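Line by line, the protein sequences give chains A and B.
Letter by letter, the first sequence follows residues 158 to 270 in this note's numbering.
Letter by letter, the second sequence follows residues 382 to 497 in this note's numbering.
It cannot be assumed that every hint is accurate.
Lysine-lysine pairs mimicking PhoX-like chemistry, simulated, CA-CA at most 25 Å apart [what the hints assert, rightly or not]:
{"id": "1", "chain 1": "A", "residue 1": "K257", "chain 2": "B", "residue 2": "K434"}
{"id": "2", "chain 1": "A", "residue 1": "K209", "chain 2": "B", "residue 2": "K434"}
{"id": "3", "chain 1": "A", "residue 1": "K257", "chain 2": "B", "residue 2": "K438"}
Negatives, chain A to chain B, calculated, CB over 10 Å [said to hold, decoys possible]:
{"id": "4", "residue": "E172"}
{"id": "5", "residue": "T185"}
{"id": "6", "residue": "K225"}
{"id": "7", "residue": "E233"}
{"id": "8", "residue": "K257"}
{"id": "9", "residue": "G263"}
So, partial list: chain B residues that the calculated Cβ filter (under 7 Å) puts toward chain A [said to hold, decoys possible]:
{"id": "10", "residue": "G421"}
{"id": "11", "residue": "G423"}
{"id": "12", "residue": "L424"}
{"id": "13", "residue": "G444"}
{"id": "14", "residue": "Y445"}
{"id": "15", "residue": "T467"}
{"id": "16", "residue": "F471"}
{"id": "17", "residue": "T485"}
{"id": "18", "residue": "P490"}
{"id": "19", "residue": "G491"}
{"id": "20", "residue": "L497"}
Just so you know, these hints were derived from the structure itself, not from any lab.
Bear in mind that the values here come from a model prediction, so they are computed numbers and not experimental data.
The beta carbon of each residue, even a glycine, is placed where N, CA and C say it ideally should be.
Chain by chain, the residues:
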Amino acid sequence: GNSVTQMEGPVTLSEEAFLTINCTYTATGYPSLFWYVQYPGEGLQLLLKATKADDKGSNKGFEATYRKETTSFHLEKGSVQVSDSAVYFCALVTNTGFQKLVFGTGTRLLVSP
Amino acid sequence: DAGITQSPRHKVTETGTPVTLRCHQTENHRYMYWYRQDPGHGLRLIHYSYGVKDTDKGEVSDGYSVSRSKTEDFLLTLESATSSQTSVYFCAIRGELAGGIGETQYFGPGTRLLVL
Chain A
158 GNSVTQMEGP VTLSEEAFLT INCTYTATGY PSLFWYVQYP GEGLQLLLKA TKADDKGSNK
218 GFEATYRKET TSFHLEKGSV QVSDSAVYFC ALVTNTGFQK LVFGTGTRLL VSP
Chain B
382 DAGITQSPRH KVTETGTPVT LRCHQTENHR YMYWYRQDPG HGLRLIHYSY GVKDTDKGEV
442 SDGYSVSRSK TEDFLLTLES ATSSQTSVYF CAIRGELAGG IGETQYFGPG TRLLVL
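Generate coordinates for the entire structure from the input sequences, incorporating the hints supplied.
Have a look at this one:
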């Protein structure tokens, strides 16, 4: 079946540090890939997405590249801020049927000043 | 903002009582979803709908039912609440694009449910 595996958190960084959150997936066919972010007490917001191999999604300084050969979609940011503290979810949707999202378990990021 | 509201936002109930959560959207989207969020599990799909009166089960549907009598409303009912259903519940809609590939799901603010 389809699944998403994320690195366990929390990830603890100082402000302006480089961020990588790993995400790998297993899927039949050619999924679309997403990163969602959840700030404390809020719902999930779409951060970025990529719909085919080698696409790069980017938003708010975050980037992720769809790597079909390694089945990965790692999230990166060059310089994190305290306001980036949140839980980050990697997810996929297969382009067949009713396109159900499959989520990873989430990675909590804590950024200190 | 995808125009999704959920009600109530917080609820405390007792084991064995029925509970209904409401999701309301204002943009006439066809596809709607209910998820629950639990530590260590991410979000898991409970039920989804692909039109008025058209619904289907997700991966954790036991103990839940849904109804969609109008495009804008998708109701989730816990027939007899149990402590294992204590969770945060999120509704989502799918923003549809031409060709039907790679659509994005947009989430409501969530309902925090505590079953005592």
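Against the structure, the hints:
{"no.": "1", "hint": "A:K257 x B:K434", "verdict": "holds, 19 Å"}
{"no.": "2", "hint": "A:K209 x B:K434", "verdict": "violated, 33 Å"}
{"no.": "3", "hint": "A:K257 x B:K438", "verdict": "holds, 11 Å"}
{"no.": "4", "hint": "E172", "verdict": "holds, 27 Å"}
{"no.": "5", "hint": "T185", "verdict": "holds, 15 Å"}
{"no.": "6", "hint": "K225", "verdict": "holds, 15 Å"}
{"no.": "7", "hint": "E233", "verdict": "holds, 21 Å"}
{"no.": "8", "hint": "K257", "verdict": "violated, 6 Å"}
{"no.": "9", "hint": "G263", "verdict": "violated, 5 Å"}
{"no.": "10", "hint": "G421", "verdict": "holds, 6 Å"}
{"no.": "11", "hint": "G423", "verdict": "holds, 4 Å"}
{"no.": "12", "hint": "L424", "verdict": "holds, 5 Å"}
{"no.": "13", "hint": "G444", "verdict": "violated, 19 Å"}
{"no.": "14", "hint": "Y445", "verdict": "violated, 16 Å"}
{"no.": "15", "hint": "T467", "verdict": "violated, 17 Å"}
{"no.": "16", "hint": "F471", "verdict": "holds, 6 Å"}
{"no.": "17", "hint": "T485", "verdict": "holds, 6 Å"}
{"no.": "18", "hint": "P490", "verdict": "holds, 5 Å"}
{"no.": "19", "hint": "G491", "verdict": "holds, 5 Å"}
{"no.": "20", "hint": "L497", "verdict": "violated, 22 Å"}
In this structure, the hints that do not hold are numbers 2, 8, 9, 13, 14, 15 and 20, in rising order.
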